[in-house]
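Student: If you're matching them up, the sequences are chains A and B in order. So for the first sequence, the numbering used here puts the first residue at 32; every next one is plus one. So for the second sequence, the numbering used here puts the first residue at 32; every next one is plus one.
One or more hints might be untrue.
Which copy is meant is left open, because identical chains are indistinguishable; a pair holds if it fits in one copy or across any two.
Said to hold, decoys possible - Once the Cα atoms are required to be at most 25 Å apart in a straight line, the calculated SDA-like pairs of lysine to any residue come out as: (1) K211 x S221; (2) K34 x A126; (3) K244 x R191; (4) K74 x N190; (5) K57 x A246; (6) K74 x D219; (7) K212 x V241; (8) K77 x F101; (9) K211 x E58; (10) K34 x E118; (11) K34 x W173; (12) K74 x R155; (13) K34 x P194; (14) K87 x D192; (15) K34 x T135; (16) K34 x D192; (17) K34 x T176.
Source of the hints: derived by calculation from the structure; they are not laboratory data. If you're wondering where the values come from, they're calculated on a predicted model, not measured in any experiment.
Protein chains: 2
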Amino acid sequence: MNKTSGAVVLLSGGVDSTTLLHFVKKELGVSPVHALSFLYGQKHVKELDMACEQAKLAGAETHEVIDISFMAAIIGSASVLTREGGEVPDLDQIAESDRSQPPTYVPNRNMLFLSLAASYAESRGIPDLFYGAQAQDEYGYWDCTNDFLSAINAVLALNRDLPVMVKAPFIAMRKVDVLKKGLELGIDYSRTWTCYRGDTSPCGTCPSCVERKTAFEELEE
Amino acid sequence: MNKTSGAVVLLSGGVDSTTLLHFVKKELGVSPVHALSFLYGQKHVKELDMACEQAKLAGAETHEVIDISFMAAIIGSASVLTREGGEVPDLDQIAESDRSQPPTYVPNRNMLFLSLAASYAESRGIPDLFYGAQAQDEYGYWDCTNDFLSAINAVLALNRDLPVMVKAPFIAMRKVDVLKKGLELGIDYSRTWTCYRGDTSPCGTCPSCVERKTAFEELEE
Chain A
32 MNKTSGAVVL LSGGVDSTTL LHFVKKELGV SPVHALSFLY GQKHVKELDM
82 ACEQAKLAGA ETHEVIDISF MAAIIGSASV LTREGGEVPD LDQIAESDRS
132 QPPTYVPNRN MLFLSLAASY AESRGIPDLF YGAQAQDEYG YWDCTNDFLS
182 AINAVLALNR DLPVMVKAPF IAMRKVDVLK KGLELGIDYS RTWTCYRGDT
232 SPCGTCPSCV ERKTAFEELE E
Chain B
32 MNKTSGAVVL LSGGVDSTTL LHFVKKELGV SPVHALSFLY GQKHVKELDM
82 ACEQAKLAGA ETHEVIDISF MAAIIGSASV LTREGGEVPD LDQIAESDRS
132 QPPTYVPNRN MLFLSLAASY AESRGIPDLF YGAQAQDEYG YWDCTNDFLS
182 AINAVLALNR DLPVMVKAPF IAMRKVDVLK KGLELGIDYS RTWTCYRGDT
232 SPCGTCPSCV ERKTAFEELE E
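Could you put the whole structure together from the sequences, leaning on the hints where they help?
Tutor: In structure tokens, the structure reads:
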């Protein structure tokens with residue numbers, strides 16, 4: 032496979048990955064940019080409408096939504112994000128001791144997403160894969176950390192032909208700083224989706240909503 | 032997720048993974064064993080019939096075939112194993128210089144398989160995942176090596192709740208030694224499938240057939 036230019040960007044339609052997409056395109060000046068989203072049985076599938084819209088707004092060359100909703104069967108009842116009838120708890124219902132691996136964690140989801148995206152990138156000769164992982168304020172998933180990123184890149188670096196590299200420029204940033212960057216880039220955050228619950232408007236109390244709200248409040252301080 | 036007993040075994044229906052399944056069940060005495068296979072758009076889908084048969088013969092508790100045939104679209108034309116109309120070359124048509132990443136290589140396939148299998152295992156509280164990687168004689172894929180195995184385990188070890196561990200007991204063995212082990216375990220290798228081509232009988236000349244034939248010949252020496 033011959034190496035080409037450009038990058039793949041993982042795009043969920045939330046604050047971090049939307050900012051990343053615009054950042055890669057406008058600030059880093061990468062071209063062409065290929066946005067990649069996953070339908071994995073998440074209740075908050077509305078995020079994918081926002082992803083489609085943002086891919087167009089950012090001028091992505093392509094945007095593909097990969098349907099891996101069979102994941103719901105693989106995961107079974109292990110995550111409230113995919114479990115039928117599973118109720119996403121409010122952040123304040125999650126005990127401190129559970130926050131390192133909360134019920135909203137989807138088993139090994141991010142390794143799977145990155146494996147698929149690396150396969151997609153490698154098959155097209157694209158060397159760079161951008162991932163919107165970001166230092167969480169309330170709790171951190173193990174598969175959003177810098178250690179995780181380094182370990183994934185250590186796997187991919189073994190590829191003898193085209194080692195894809197995962198880049199996560201926001202990994203050490205707080206959400207408020209991601210927002211600042213995005214506002215500089217002219218992003219309209221009313222066209223992003225964060226809430227874990229699948230309702231028509233954001234609940235305001237789930238862990239994701241609280242994090243988003245806190246970041247916007249900090250912006251005004 | 033509470034830790035349970037047992038193991039997941041990746042089962043393609045070929046010599047190595049079939050031997051592994053019987054080995055884990057009979058020699059290691061692991062119970063229950065959950066066999067996991069993937070339909071990924073491979074031409075040699077016949078291997079899955081053998082996988083189903085072997086799962087029953089070995090007394091696996093469950094056997095699931097996960098349909099990820101959408102992979103063919105992700106990979107595009109990058110592998111002859113999944114490309115429509117793509118012709119699998121004979122081993123002697125592959126130049127020495129191409130053998131470290133030959134046309135039968137499927138971009139990042141094994142990282143994807145292991146990510147999915149780890150997600151499956153973690154969701155069920157199963158700590159061990161067995162993988163039939165084995166030191167190839169004719170050429171080696173980067174994602175069948177011991178370095179690859181170590182790097183994958185370094186990713187999974189970061190999981191704070193249930194780190195799944197990938198075990199590949201045959202990784203340093205030659206195929207002939209895997210066969211010897213399997214024959215001791217009473218495996219009927221006529222009920223396994225190796226040929227990369229999708230014909231009704233094995234071609235005898237593709238890289239996989241040559242490797243298998245060589246191992247059987249060495250057995251008689």
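Student: Each hint should be assessed against the structure and marked as holding or not.
Tutor: Status of each hint after checking the structure:
no.: 1; hint: K211 x S221; result: within (15 Å within a copy, 64 Å between copies)
no.: 2; hint: K34 x A126; result: between (47 Å within a copy, 21 Å between copies)
no.: 3; hint: K244 x R191; result: neither (44 Å within a copy, 27 Å between copies)
no.: 4; hint: K74 x N190; result: between (35 Å within a copy, 24 Å between copies)
no.: 5; hint: K57 x A246; result: within (23 Å within a copy, 55 Å between copies)
no.: 6; hint: K74 x D219; result: within (23 Å within a copy, 46 Å between copies)
no.: 7; hint: K212 x V241; result: within (20 Å within a copy, 56 Å between copies)
no.: 8; hint: K77 x F101; result: both (18 Å within a copy, 22 Å between copies)
no.: 9; hint: K211 x E58; result: within (14 Å within a copy, 59 Å between copies)
no.: 10; hint: K34 x E118; result: between (45 Å within a copy, 23 Å between copies)
no.: 11; hint: K34 x W173; result: between (31 Å within a copy, 18 Å between copies)
no.: 12; hint: K74 x R155; result: between (31 Å within a copy, 21 Å between copies)
no.: 13; hint: K34 x P194; result: within (10 Å within a copy, 34 Å between copies)
no.: 14; hint: K87 x D192; result: neither (32 Å within a copy, 38 Å between copies)
no.: 15; hint: K34 x T135; result: between (37 Å within a copy, 19 Å between copies)
no.: 16; hint: K34 x D192; result: within (9 Å within a copy, 38 Å between copies)
no.: 17; hint: K34 x T176; result: between (28 Å within a copy, 24 Å between copies)
When held up to the earlier numbered hints, the structure conflicts with 3 and 14 and fits the remainder.
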